[in-house]
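Please take these sequences and the hints and turn them into a complete structure.
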Amino acid sequence: MIRLKINRAGAMAIALATLLVSATEGSETVPAPPQTHPILLRGGEIHTVSGETFENGQLLIIEGKISQVGGAKLQIDLPPDTEIIDVTGKHVYPGLIAANTTIGLVEISAVRATVDTAEAGTFNSNARVEVSVNPDSEVIPVTRANGVLTASTVPQSGGIISGRSALMRLDGWTWEDMIVKAPVGMHVYWPRLQAGYSQEPGAKENAAAERRKAVEKTIRRLEEFVAASRAYAKSDKNPADLRLAAMEPVINRELPIFVHADGVGQIESAAAFAERENLEIVLVGGQDAWRVADLLKRLDIPVILSPQSLPRRRGEGYDTNFSSPAKLSEMGVRFCIANDGSAASERNLPYQAAAAVPFGLAKEDALKAITLNAAQILGVDDRLGALDAGKDATLIITDGDPLEIPTHVESAYIQGRKLDLSSRHTRLNEKYKGKYDGTEGN
Amino acid sequence: MCCSSFHLGLVFSLLLLPCRLYSQSLPQTRPVEGLHDRSPQVHALVGGRVVMRPGEVLDRATVIVREGIVTAVGESVAVPADARIWNLEGQTIYSGFIDGATSAFDDGSEFDASHWNPKVRPERRMADTLKPDSALREKWRALGFTAAGAMPGSGIFRGSGCVIQLGDGPLRSNVLKEDTGQYVAFETGRGYPSSLMGSIALIRQVLIDAKWDGDYRRVFEGNPFGLSRPEDNAALQALAGVTRSESNLVFAAGDELDFERALRIGEEAGLRIYFLGNGYEYRKLQSLAGSRAQLFLPIAFPGKPPVADPDVALDVSLEQLQHWESAPGNPAALEEAGITFALSTMGHNDGNGFWKHVREAVGRGLDPHAALAALTTRPASMLGIDRLVGEVSTGRIANFSIYTGDPFASEKAELYQIWIDGKCYPMPAALQFDPVGTWAFQWGELDGPKQGKLTGKWPDFAFEFDDADDADDAGEQPEKPKEESKPLKLKAKAAGNRLVLSVDEKTKGVFAGFNESVPVQLAAHYAGGRLSGIAQMPDGRTVSWFGTQEGDSKREDESPIDDSPSDDDRSSSGPARLAQYPAGAFGVKADSLMAPESILIKGATVWPCDGSKPVDDADVLVRGGKIVRIGRDIAEEVSHVIDGHGKHVTPGLLDAHSHIAISRGVNEGTHAVTIEVRIGDVIDPTDISIYRQLAGGLTTANILHGSANPMGGQNQVIKLRWGKGAEGLKFAGAKPGVKFALGENVKQSNWRNATTRYPQTRMGVEQVMKDTFLAARNYEKQRVSGSRVPFRRDLRMDAALEILNGERIVHIHSYRQDEILMFVRLAEQFKFTVATFQHVLEGYKVADAIAGIHAGGSSFSDWWAYKFEVYDAIPFNGAIMHNAGVLTSFNSDDAELGRRMNAEAAKAVKYGGVPEELALQFVTLNSAKQLRIDDHVGSLEVGKDADFVIWSGHPLSTYSRAEQTWIDGIRYFSLEDDAALRNANATERQRLIGKALATPDKKQDDKAESDNAKDNKVEPSLSLAERWKRMTGGALELYQEELEYRPIYHNGENLHTCSGDSCSACRQ
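Protein chains in written order, with the working numbering: chain A, -1 to 440; chain B, 14 to 1081.
Hints should not be assumed to be uniformly reliable.
Said to hold, decoys possible - Residues from chain B shown here face chain A by an in silico Cβ test under 8 Å; the list is partial: (1) Ser330; (2) Asn763; (3) Ala860; (4) Ser970.
Since the hints were made in silico from the structure, they are not lab data. Glycine residues also receive a C-beta, built at the ideal position from the N, C-alpha and C atoms.
Right under this line is the structure:
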């Protein structure tokens, strides 16, 4: 048996030496200062994602942007004050992008006071999440420590239209500092269409029809809202209406609707709605997307998938959602992979993507699904998602494949700013690991 | 026709009923007011086909009834002179049908139970709580019933049933038998019990208490010295008969799994069980046949699944499709298996549709004799009234169901008369007259049509008058329309013994001399082949008219009784059979699993998980379900070789914290202490999660009660032997355990409006536990005291004592270091065994204390921040505990995560640098040790169970998948088998959908359609303001119901709507 000799005094000393951790005073992690000098990463495997992977590559960062990227032979005129970082044996990837998260809106999901995801009311088109993103959330450093550097924070289930999402870089003193793009999408939670068939004695025989009727009513309300928005856009807007005004970029196709829908009936009806109303649409969830892949392809509707979820129906294959990305990929449907709106577990994003690999998705496509494809669907692929010259130097340096769990993110940069990868978790680890130091079993 | 005697009969019965059920010779206690009624109560039913008992038929016989009792039946029975004669030629006389079990007669009255638990009310007697409503009895008579087994409709111990005769008159006098049995159901509600397992635990305890109560009373009444007077508990006393097996215990089985659950209770208590079935019996034929239990069987089959819309059809499960097809074959399957059952109208609203389903069952192979028995002799014997009713034979009560035709075969069969206690209740068919045929007419002062034909069917007939041209004065009908060739046709509606003709424009000119615009009004009374009526003429005159039926009055459209089975489209396949288990998708055929005597895995990378590193190019030899050898180049003849080249082999994974495969409630979250409840009672082997987790390499799971109360319930370790029944899943020899919980859940901090149950703080949690253990010690003293007083066994205390005596190990849900340490001290104080701290997310803060009592830590790999007490959870927890000497495992607590525990183990490598081979032990050997099953599973070592997984690659890689999962040397999952199952399921599904599509729709669908169209109407010209108002007004209400809620909080559950029961946030 292992017997522990506890050095209580030692533990106390470490506890005192460790920065105090407090939920109310904000994260201890300090935002990174702006890049002050050019940085050259040299020697590692550089995975551009958009194109080649350069073994023994080079990547030059100037003023937050990737200035040059290439292999060992790439000619680089190094500015005089360039910091050269040898990353030999390491891997460089674009920062991972969480395309469907509540980071910043949720601190502790069971504590209502720390949750700002769902506004009251039916049409919350005017709500914008960025103003509720808490830059001092402890979730932020925890998440980026595993390579997730940019997050599309979304409103949840606050009415039919729940509000507008925003793409945030996971570093900054204020929410304004953090904004990459806002708004990103108008989030619509599609009513659920299900059979409602039961074999219980006394079950309603026409439950399905009744359900459908109720759902159609809801969809009509949404149509009415869009119609009202169009009318409002042409009116003198006096008096002003916040909800309708927020819809203007939507009806002008400048802002896509992000429709959260899983069932095939929902997807079809949402797609038809977007087509009827001539709106840009992104599908979120999309468990049944593979069933209507040709429809999504024809209408060019991209999908945000979460493979690590249970099959929707008892009789479906156990791997239905694991296999879905490979199927969509084969059919040529645009998709990216995201978590299902979590905050605390967002750091596991790379494993969501990896889950599709044993079921047919190519490894490089899995990586793309949380980098470049996500950037495209969120409309920021000119800046993020790949290690191309001209894009933001938002990247991670790892000791291996980030989609494999044992891999560590050793350092990370957002726009050339080197991040502090410590977090509440590393601090608590350091504090308590020390408690048992020198207490070898005997 | 008996209608004339009908009213008289009613009067008689009102006067005489109290004494006339069994014999007129019974002295009458009530003084007669007015004159005595001495009218003879003797009837002779003559000329009918008499079905004396199933299979015994007299084609043309006479039945004599005297004072309500059958006194003679036979083909040559003389009709007594004083008998009223009933000509029943062409009718079939059955013994009066009995509805074996119905709760329709329960008046639902409030009941002031004497037991502490209001759902335990065995002393409630149906005979005292019958609905007095005579219309209800009339409704049942119209279904062909003469008696019904009335049972109480709510509660757990619901009360005793009774049999009622469905005649008119005061209800009490219609009670044929009281105390036909004690009705029990696994009911749950808001209070204790809220779960199925709680319900079972309560039933178990009540039966123990009832027996003890009797024993105690006997001792007390013998010599009360030194004893306290027994509590006045009418409930326990009411169960005395049950405990002595004098009274039946009838369990309402909610689903197919409830049968075995109830049988186990019966076995434990040494009681014979009856069932109120549910239609799913065909899935459990073996258990039912083996138990010799008898059933009251509802015969209500599910309606057609909505498959027309392909999107909707997707959400109809294969299991539902199969059941839709199988359900009508259930009775035949039971009959075939030799299981005794009586039919019940349960499941039909007021019994409507009952007969349609009976015929459907017959069409599917139920022997009509058996169907008849299930409505007569069987219910009679099951209800203990077989000496009184159930047959048409001498000495039985004169209860008859008389039909025109065969109700078991033809939907055209009509109920003609019901006889109850020798009294005739004519049914509409018997009160109808049949005017169909050729008629001659006479018109008083009119020149009307002389001849005509009556056609149609009750109550809608038509007069087809021969062309009025036959009348003399053709010239007087100038306005007559052109259809000369067609006879004039008038519709007629029959009611009572009257016909009212529906006249319109066409009537004009029927009668010579009248061409006025106002039609003639016509009506007539029918009396045995004659009509006599009046015609109200437009000029105000009233004219009489007469009709005489000519010749053969037989209906033209009458066909002999149709013996073809009911025309339902699902009736193709005879008795219901379940080829695989469980029903529905991915069910497996018995014995279809690959179970070779010996297995050799060749050339794989083997992860023994015994602490050593993986070995490349290794072989594993399995014989008889056990691991026999592990090494290189094993050369043995085996029955099955697995090529392991390029593959990895690990032990089957274990999940030390799971809530899959539980029926109806993970939490008995009512009382603070509910350790008497057992997960083992409610294992659900049909949960598809079992199969899905097998596909992720999991083979063993610790199925735990939830965390809604400090001392929750007994856990059950299972192996994921998909396809086996509940008992087949249980891990034999696993150490019994119990789930306790600490912190936010047990003090109900995340439950709305739950602020009164003790405890509400962590302080109180400790005290509840201490108090329970002290009570258990006290209980133990009583148990061994050797007093002459019968000892009351308390299952809650038994469980507590088992814990204190080390026979039951504790899995304690815990998060914060303070509560963990408190529990460590409590365990030290009471010297019980803590197998695991579950979740234990601050275990890293007090790892030394945990290790100090040799408890394990079963943790999430990296969950955090889903509630306040896990804000300090860190993913390094596992590694720190492990390094500090705590036996550490990772668990899922989640049906989805349980499918990929191998990758979870990798997080111990990532966060804290645990070596790979030790990290894998977090989901194998360490979990096995925590559950005290490491002698059998958890590692690949010689002598252990052959539970193993073949992986496509490195088991800690997110890129790997399980290709085969074996348990006990049996292949429960493989990609190959999975593909075959999917193909078979798809074929089966298509077949059933095709069949459902071919089944005609009901008309109501059209109605729903048009309702829809109405609602779809959009008002086009609304102002913006109006639109806006409509959009927002009341919108939220509708929407909240319709909206698909996304997981806002934790793990798919929204704590704000948490019911505390099926809520995973409360479970973890």
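Against the structure, the hints:
1. Here the hint on B/Ser330 is kept, as its CB sits about 5 Å from the closest CB of chain A, short of 8 Å.
2. Because the smallest distance between the Cβ of B/Asn763 and any Cβ of chain A comes to about 5 Å, under 8 Å, the interface hint for this residue holds.
3. Taking 8 Å as the C-beta cut-off, the interface hint given for B/Ala860 holds, the closest approach to chain A being about 7 Å.
4. The closest approach between the C-beta of B/Ser970 and any C-beta of chain A is roughly 6 Å, which is under the 8 Å cut-off, so the hint is satisfied.
The structure fails none of the hints (numbered hints given earlier).
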